[in-house]
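**Student:** Required output: the full structure, derived from the provided sequences and hints.
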Amino acid sequence: MARKPSSQPETQANVSKDELLQYYRDMLLIRRFEEKAGQLYGMGLIGGFCHLYIGQEAVVVGLEACAKEGDKRITSYRDHGHMLACGMEARGVMAELTGREGGYSKGKGGSMHMFSREKHFYGGHGIVAAQVPLGAGLAFADKYLGNDNVTFTYFGDGAANQGQVYETYNMAELWDLPVIFVIENNQYAMGTSVKRSTKSTSLFGRGEAFGIPGEQVDGMDVLAVKAAGEKAVAHCRAGKGPYILEVMTYRYRGHSMSDPAKYRTREEVQKMRDERDPIENIREMLLTGKHATEEDLKALDKEIKDIVNDSAEFAKESPEPALDQLWTDIYADDLPQGSAEEHA
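Each residue of the sequence shown is one higher than the one before, starting from -12 at the first, in the working numbering.
Since the hints were derived computationally from the structure, they do not count as laboratory data.
Misleading hints may appear alongside valid ones.
List of simulated lysine-lysine pairs, DSSO-like, C-alpha gap at most 27 Å [as the list claims (entries may be wrong)]: (1) LYS93 x LYS292; (2) LYS130 x LYS218; (3) LYS277 x LYS289; (4) LYS55 x LYS227; (5) LYS249 x LYS303; (6) LYS95 x LYS130; (7) LYS258 x LYS218; (8) LYS4 x LYS277; (9) LYS227 x LYS106; (10) LYS249 x LYS186; (11) LYS106 x LYS292; (12) LYS292 x LYS303; (13) LYS186 x LYS258; (14) LYS303 x LYS93; (15) LYS130 x LYS23.
Every value quoted in this text rests on a predicted model; they were computed, and no experiment measured them.
**Tutor:** Now the structure itself:
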């Protein structure tokens, strides 16, 4: 049932030149956006916590390549990359990071709490593993409505030790819910190596106790992630219940902007950057396969930087929310899945 990562060529998705370029562009947008967010945090324009996704870009880009309209996604507080990957605008994300009215949560959610019903993005969540049962709930709604949508429920290796994860596994398998549990294993949780905190370090294998299949995949390779994602999505759409993907990745920055990351060496981080970077991996494929030239990629980098700089300027110019907005958007005015009469 459970499978180990494989380096065999068939584990990689068969993709076109245009798809390869799109993955490169999507990952580069996340990388440049997060670098800019780090700069704005250092300038005092972003307050509170700010958890960057630098290094993990291939995870969400590879899985979004498997999604269709109607599929849902929900994640933790390291959420900016997920928003950009599912098509949310850089302007709205950056404005929310800076607490401005033009943000996706009108400046009241900040880095960790953004939502987009239009893009079926059900939030970053600040409580560790709180999003896991919520993700199962989203999948339950789709099963109840009788469609073939899938919910991608992301959480980290640290969250994988939380009790509600296993309660959710049990319910999801009992009810055959179309949910993919994506464990983004960046190996250090909030600052403790998974080898020190977890006896059974094969996290996807914990689903065996509930009868949930799963596998471990190289999260620094966007094509390997896409191939594994397609398998998981097909499993869920076929009505076979949940699936677990443990995606082995690595964050280059600290847990948050306030984390000096002294629990690992600079040499370790630099080695990952030099040898395993997901963006450089695709860049090399584009160049060696003659799918793009150095000039093409430089032009694309400039285009991305322009988008990111524009988002920063938009955020700076957008006003802070008015004080009379403090008590708004607390209760829902309608039911997300439609009226009660529709489904009575």
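**Student:** Run every hint past the structure and note whether it holds.
**Tutor:** The hints, checked one at a time:
For a cut-off of 27 Å, the pair hint linking LYS93 to LYS292 stands: about 24 Å separates their Cα positions. Only pairs whose Cα atoms come within 27 Å are accepted, and LYS130 paired with LYS218 is accepted, the gap being roughly 19 Å. Under the criterion of a C-alpha separation no larger than 27 Å, the hint pairing LYS277 with LYS289 is consistent with the structure, at around 20 Å. With a C-alpha separation of about 18 Å, the suggested pairing of LYS55 with LYS227 holds against the 27 Å cut-off.
Proximity of LYS249 to LYS303 is assessed by CA-CA distance (about 33 Å); at most 27 Å being required, the pair is judged violated. Between LYS95 and LYS130 the alpha-carbon distance is near 32 Å, which puts this suggested pair outside the 27 Å criterion. Our distance criterion of 27 Å between C-alpha atoms is broken by LYS258 and LYS218, whose separation comes to about 31 Å. Proximity of LYS4 to LYS277 is assessed by CA-CA distance (about 10 Å); at most 27 Å being required, the pair is judged to hold.
Only pairs whose Cα atoms come within 27 Å are accepted, and LYS227 paired with LYS106 is accepted, the gap being roughly 25 Å. Distance restraint check for LYS249 and LYS186: the Cα-Cα separation of roughly 23 Å lies within the 27 Å cut-off, and the hinted pair is therefore satisfied. Taking the CA atoms of LYS106 and LYS292, the gap is about 23 Å. The hint holds against a cut of 27 Å. With a C-alpha separation of about 17 Å, the suggested pairing of LYS292 with LYS303 holds against the 27 Å cut-off.
Simply put, LYS186 and LYS258 have alpha-carbon atoms about 26 Å apart, close enough for the 27 Å limit, and the pair holds. For a cut-off of 27 Å, the pair hint linking LYS303 to LYS93 stands: about 14 Å separates their Cα positions. Distance hint between LYS130 and LYS23 is unfulfilled; the C-alpha atoms sit about 40 Å from each other, more than 27 Å.
Of the numbered hints given earlier, the model fails hints 5, 6, 7, 15; all others are met.
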